[in-house]
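In order, the protein sequence lines correspond to chains A and B.
The numbers in UniProt numbering rise by one with no breaks, and the one at position 195 of the first sequence is 195.
The numbers in UniProt numbering rise by one with no breaks, and the one at position 210 of the second sequence is 210.
It cannot be assumed that every hint is accurate.
The list treats identical chains as one, so a pair stands whether inside a single copy or across any two.
In silico DSBU-like links for lysine-lysine, alpha-carbon gap of 35 Å or less [claimed, not checked]:
1) K150 - K105
2) K121 - K150
3) K121 - K105
Think of the hints as simulated: they come from the structure by calculation, not from any bench.
Computed from a prediction, not measured in an experiment: that's the story for all the values here.
Single-letter residue listing:
Number of protein chains: 2
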Amino acid sequence: MATLHHSSFCPHSRFVRLIMAEMGMEPHLVEERPWERREEFLMMNPAGTTPVLVEEGGLAVPGASIIAEYLDETRGLGLSGLRLLPESPAARVEVRRLLDWFLQKFDQEVTGYLVTEKIHKRFMTSQHGGGPPDMNAIRAARSNVRYHLKYIGYLISRRNWLAGSQLTYADLAAAAHLSCVDYLGDVPWDEDEMARNWYARVKSRPSFRSLLTDRVAGMAPADHYADLDF
Amino acid sequence: MATLHHSSFCPHSRFVRLIMAEMGMEPHLVEERPWERREEFLMMNPAGTTPVLVEEGGLAVPGASIIAEYLDETRGLGLSGLRLLPESPAARVEVRRLLDWFLQKFDQEVTGYLVTEKIHKRFMTSQHGGGPPDMNAIRAARSNVRYHLKYIGYLISRRNWLAGSQLTYADLAAAAHLSCVDYLGDVPWDEDEMARNWYARVKSRPSFRSLLTDRVAGMAPADHYADLDF
């Protein structure tokens, strides 16, 4: 059985949990606090970030987009009709463009700020950067999330799923990031109905269930968080 | 003929120029100033970043790592002995891990600061963020580059090239980033001989030549910049 070193509210870890659930894989989950820089964890991933997938034979695969490529190459062909990274070069470019959009850009402009300031800082010692949240960072993220939501709405007004006619890694990455922001109540869903309907579709998939049961100690999710008809 | 929209001192653009030269491709080059957010350019890449490769048929491929994957899938198999993204799953993981290391981590900790503060700010209007360089950012980058250089030295003490026995995308990405920092004279080469020897090997490849002739208007490179025996 493969092992996934993850952090429950790390959006990149959530993306990989979604991929593996869609592929019918049930990894052994190990919760990491990356800021503690555990030595064994750094041996698996010198960059010190979650997630890291470790195969039964010992191969460590670090980083969400690298794991996504790896799983497509080693498991994806078995999915026939439901390949999460499609076959044609142009379709692969579009999926990877949007993967980058959400794993890098959305993370830098929205999720990174909110998850660090509102969640992880609660569990960090002051030595590791813990302390009260930086309200400027939170305000910036809340402002930025609005144009990303519009962009999702724009894409979904022209396509069935974010990158085209089929569900792909792009949908799972975007939804994984949004799920963290949604836990915190910071997605203004009433501003874009197309985006909301798309998220409701992704959220209703069986692969999403385990994400919706995770809780931050001492911090309840937004009321509608686990509600499939929000 | 393919067109590459690039910026001469954007390290990601330099990486793609190296790949294409190694593959024997000679793209038509179009210099972009991404901060000007030219409308036609944003249509090709809504994220507004360089590089963007445009195929003769019109397909736009945005972003260095996406272009690298695309070129491997559409041209790489033709390289037989010199495939820049090797075949085996474990080797691909290692190349992609190091690609991420240099394209993301090194960029965020070193190149991004230096190129923005010392080069791009000279050409930006104040409206686009131009102005005098932020010395704190430059100091941080100069401090960070030292441990990256050690890491390169550590890898090269155990392997012929960064990711293993063959030249791969990892070497080209790392060298592309270092070439920008080296232009500015900010690589402390005397701190790591292994790293310096590795860089001299990459820099001596014919694919590197065109990078070494680029100049920033009004700013000469470090003395040894174009010297293959520095």
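Hints, one by one, checked against the model:
With identical chains, the CA atoms of K150 and K105 are at most 35 Å apart both within one copy (15 Å) and between copies (29 Å). In this assembly of identical chains, the alpha carbons of K121 and K150 lie at most 35 Å apart whether taken from the same copy (29 Å) or from different copies (31 Å). Taking CA atoms no more than 35 Å apart as the test, K121 paired with K105 passes in both settings, with 21 Å inside one copy and 22 Å between copies.
Checked against the numbered hints above, the structure violates none of them.
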